[in-house]
Amino acid sequence: KQEVTQIPAALSVPEGENLVLNCSFTDSAIYNLQWFRQDPGKGLTSLLLIQSSQREQTSGRLNASLDKSSGRSTLYIAASQPGDSATYLCAVRSQGGKLIFGQGTELSVKP
Amino acid sequence: DTAVSQTPKYLVTQMGNDKSIKCEQNLGHDTMYWYKQDSKKFLKIMFSYNNKELIINETVPNRFSPKSPDKAHLNLHINSLELGDSAVYFCASSQDYGSGGANEQFFGPGTRLTVL
Numbered sequence: 003k004q005e006v007t008q009i010p011a012a013l014s015v016p017e018g019e020n021l022v023l024n025c026s027f028t029d030s031a032i033y034n035l036q037w038f039r040q041d042p043g044k045g046l047t048s049l050l051l052i053q054s055s056q057r058e059q060t061s062g063r064l065n066a067s068l069d070k071s072s073g074r075s076t077l078y079i080a081a082s083q084p085g086d087s088a089t090y091l092c093a094v095r096s097q098g099g100k101l102i103f104g105q106g107t108e109l110s111v112k113p
Numbered sequence: 581d582t583a584v585s586q587t588p589k590y591l592v593t594q595m596g597n598d599k600s601i602k603c604e605q606n607l608g609h610d611t612m613y614w615y616k617q618d619s620k621k622f623l624k625i626m627f628s629y630n631n632k633e634l635i636i637n638e639t640v641p642n643r644f645s646p647k648s649p650d651k652a653h654l655n656l657h658i659n660s661l662e663l664g665d666s667a668v669y670f671c672a673s674s675q676d677y678g679s680g681g682a683n684e685q686f687f688g689p690g691t692r693l694t695v696l
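Quick mapping for you: the protein sequence lines, in order, are chains E and G. Counting with this note's numbering, you get residues 3 to 113 for the letters of the first sequence. Counting with this note's numbering, you get residues 581 to 696 for the letters of the second sequence.
Just so you know, not all the hints are guaranteed correct.
With a straight-line cut-off of 27 Å between C-alpha atoms, the simulated DSSO-like cross-links for lysine-lysine are [as the list claims (entries may be wrong)]:
hint, chain 1, residue 1, chain 2, residue 2
1, G, 602, E, 44
2, E, 70, G, 621
3, G, 621, E, 44
4, E, 44, G, 647
5, E, 112, G, 647
6, G, 602, E, 70
7, E, 112, G, 620
8, E, 112, G, 616
9, G, 651, E, 44
10, E, 3, G, 602
11, G, 599, E, 3
12, G, 599, E, 44
13, G, 616, E, 44
14, E, 3, G, 620
Derived from the structure by calculation, the hints contain no laboratory data.
Chain E with its partners taken away, still in its complex shape:
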């Protein structure tokens, strides 16, 4: 049974810092991995999707990596800003298309 874990559960950093969010999964038989952002009381915004055959994806200040064999992904955020404050969710996609989510990392970027 696939399980997804995100560490840390919460993170507070000063503005301008680079930071890394971690995601691990127990079954390497995944189709892809998606990183989402969720603002309080809002829906999910897709940030990056890495296919199982890829090692990383970049979008602006965000870079996501995938090491399928070790069951790990990281989301790197460069030069963090207060507007980056949100909960970041990692999800792996497996058979049937369903996404299995981690518990999320609540990020707070202080001005």
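Place chain G on chain E using the hints.
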């Protein structure tokens, strides 16, 4: 244009009532999903439909009945609501459910259901 939309955004009702949540996507996708986010913010798949056919049913109580009149719509009907049904329900869609392609999932804004 909203890609995945849900109505209503908020739903407050009494225990024992029956309610429905509607979802529509205008992305031309074949596969749609319902997820539940509990009070601890944990998101879990409930159902998925591909072109109006049920693909996934994650041992959800049979009080929950999804209906897909066409591939752009997936509605969720809940009978005899219980306190534990209080949660945020998210609809999502993707091109299909197979292993090929990127198949990014796009989420609706969520419906916050409160059962009193």
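The hints, checked one at a time:
Under the criterion of a C-alpha separation no larger than 27 Å, the hint pairing residue 602 of chain G with residue 44 of chain E is consistent with the structure, at around 17 Å. Straight-line distance between C-alpha atoms of residue 70 of chain E and residue 621 of chain G comes to about 26 Å, which keeps the hinted pair within the 27 Å bound. Of the pairs offered as hints, the one joining residue 621 of chain G and residue 44 of chain E holds, with about 12 Å between alpha carbons and a cut-off of 27 Å not exceeded. For the hint pairing residue 44 of chain E with residue 647 of chain G, the CA-to-CA distance comes to about 25 Å; that is within 27 Å, so the pair holds.
Note on residue 112 of chain E and residue 647 of chain G: the hinted pairing is violated, with a Cα-Cα distance of about 45 Å set against a maximum of 27 Å. Of the supplied pair hints, the one linking residue 602 of chain G and residue 70 of chain E is violated, its CA atoms being roughly 36 Å apart against a limit of 27 Å. For the given pair, residue 112 of chain E sits about 24 Å from residue 620 of chain G by alpha-carbon distance, which is consistent with the 27 Å threshold. For the given pair, residue 112 of chain E sits about 31 Å from residue 616 of chain G by alpha-carbon distance, which is inconsistent with the 27 Å threshold.
Pair hint residue 651 of chain G plus residue 44 of chain E holds up; C-alpha atoms about 25 Å apart against a cutoff of 27 Å. Only pairs whose Cα atoms come within 27 Å are accepted, and residue 3 of chain E paired with residue 602 of chain G is rejected, the gap being roughly 30 Å. Distance check on the hinted pair: residue 599 of chain G and residue 3 of chain E sit about 32 Å apart at the alpha-carbon level, beyond 27 Å; violated. Taken as a hint, the residue 599 of chain G and residue 44 of chain E pair is honoured in the structure, with Cα atoms around 22 Å apart against an allowance of 27 Å.
Among the hinted pairs, residue 616 of chain G with residue 44 of chain E is consistent with the structure: their alpha-carbon atoms are about 14 Å apart, no more than 27 Å. Between residue 3 of chain E and residue 620 of chain G the CA atoms are separated by roughly 21 Å; this keeps the pair inside 27 Å, and the hint holds.
Hints 5, 6, 8, 10, 11 from the earlier list are contradicted by this structure; the remaining hints agree with it.
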